[in-house]
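*Asks:* Could you put the whole structure together from the sequences, leaning on the hints where they help?
Protein chains in written order, with the numbering used here: chain A, 1 to 253; chain B, 1 to 247.
One should not assume that every hint holds.
Capping the alpha-carbon separation at 25 Å, the derived lysine-lysine pairs in BS3-like fashion look like this [to be verified]: (1) B:146 x A:120; (2) B:6 x A:127; (3) A:125 x B:6; (4) B:110 x A:120; (5) A:114 x B:110; (6) A:125 x B:110; (7) B:6 x A:124.
It is worth saying that the hints were derived from the structure and are not from the lab.
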Amino acid sequence: MLAVQEPALAAGTVTCVATTSLVKGARASRSTIALKMMMAGSGLIFIGFVLLHMYGNLRAFWGHDDFDRYAEGLRTFGTPDLPYGGLLWIIRIVLIVSLVIHVWSAATLWRRAKRARTVKYQVKKNKASTTSSRMMRWGGVTILLFLIWHLLEFTIVKVSVNPDHQGANVTQDPYNLIVASFQVWWLTLIYLVAMAALAMHLHHGVWSASQTLGLTNSERSRVFTKRLGILAAVVIAGGFSLVPIFVLVGVIS
Amino acid sequence: MRLTLKIWRQPDAATAGAMHTYDVDDISSDMSFLEMLDVLNEQLNAKGEEPIAFDSDCREGICGMCGLMINGEAHGPVTTTTCQLHMRSFTDGETITVEPWRADAFPVIKDLVVDRGAFDRIIQSGGYISVNTGAAPDAHAMPVPKDHADRAFDVATCIGCGACVAACPNGSASLFVGAKITHLGELPQGQAERDTRVVSMTAQHDHEGFGGCTNIGECAAACPKEIPLDVISQLNRDLRTALRHGH
Ligand code: HEM
Ligand code: SF4
Ligand code: FES
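*Replies:* Pasting the structure below:
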């Protein structure tokens, strides 16, 4: 289809621009790039959230009372203008919507990639890609499974996996619950594995999101965001790992 | 040199293919990879067997026809095209696996030959600028800043070979599209169609069945012209601008 833009014609002095479009009704918003942008946007929201969440966790080093006051403070934030727990619900809704968008676009792009090469190579070398970049999909699935377990354990059901510490004064007290839980070695191990998955996801994710949003148009910015990805991975996954490890070795009790 | 070659043979698009093993001897290390295949084909001809179909045209690294997957690397182990790859990059007695580009958007026509028509259609949908015909304009009429001209020129070296698609685990052609978008977007002549170009070209890219980019970087490592990953960021940025302009 060859169309000539009318205003250009009317102006007379300007060169008319040909617009060929083989795909009918092509829209920027319906491209795979737009999908990737939604994934990047929701990913950045997650990064903001995990930073806040990590800060909250680290309050455990200040002891029982400070930690529980912080947890309660999150619920009473903004009252009486916000209802009790209002801030938490706003954050939860934003996160749930982001998660649906993130996982849905990841699944759509995964399916596309599978269809783009149905006959595999007999021999295929990876020359440049990082392990993190190749683990994004399965690593993401790992994080999702962990997330479900994590929410059941500490938010929705509130269970203690520690046979020595049971009862309401453990499960209904945030500080006591995390201390009791992370004294169990295998639970700490699960969390450390999940944090390794998160670290890899962030290592590639920070760079990938910058690239997807069109922020890395030069070699310098490319090198910079790749380093930023490593920094985010170390700070966030490292920061989250501190509390479980220090509980397990008995520093936090 | 003596070599064992494992090569994909497929009589036509509709028939299933398989790997076949061939031995070649007396290969000079100064031969190009394609000349080595020519030697093998002469042997096959002499025996009355069907020669192996592969693409080539310029044999000097500028046309982009000769792409082959060699030992799991697009265009083989050196950053160049298959026609400019020499047998000295291999060792005597080595086994070399040769496969066609694998992407559903590049269907196999025969043996190692694939149909890269999808790239032509992507170019057709926006990889051009509109100019008035008639007297040639004065060469100095349109000033171009040096850094823009340099970047445009660097990415204009893309020869459309398809190695980026072949190397990409997602079968994405983002490096190719990004190279074209950046090339024309850096120049004053490319501005008028900048928004419609990126929308039509990405729509065509998706329509052809190429996958989405995950910024893994295998494409840039495979590209014989060393097109950098920055062009994919530029592509994304141009699409974002087009979105903002309501396209
Ligand atoms: C809940 C389970 C999750 C799944 C299934 C998942 C899956 C994915 C996948 C498949 C990608 C695309 C990879 C690529 O483009 O190479 C991705 C990108 C990303 N993810 Fe996740 N992810 C999850 C959770 C998270 C979390 C918790 C965070 C942040 C803390 C996060 C941050 C990011 C970022 C920043 C990107 C980069 C976006 C881009 O590539 O443009 N994701 N995720
Ligand atoms: S970007 Fe590089 S690998 Fe891709 S088609 Fe162009 S020259 Fe070939
Ligand atoms: S035959 Fe032209 S680039 Fe190799």
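*Asks:* Compare the structure with each hint and give your call.
*Replies:* Hint-by-hint comparison with the structure:
1. B:146 x A:120: violated, 43 Å
2. B:6 x A:127: holds, 21 Å
3. A:125 x B:6: holds, 16 Å
4. B:110 x A:120: Roughly 17 Å between the alpha carbons, so the hint for residue 110 of chain B and residue 120 of chain A holds.
5. A:114 x B:110: holds, 23 Å
6. A:125 x B:110: Answer holds: residue 125 of chain A to residue 110 of chain B is near 24 Å, not above 25 Å.
7. B:6 x A:124: holds, 14 Å
In summary, the structure is inconsistent with hint 1 from the numbered list given earlier, while agreeing with all the others.
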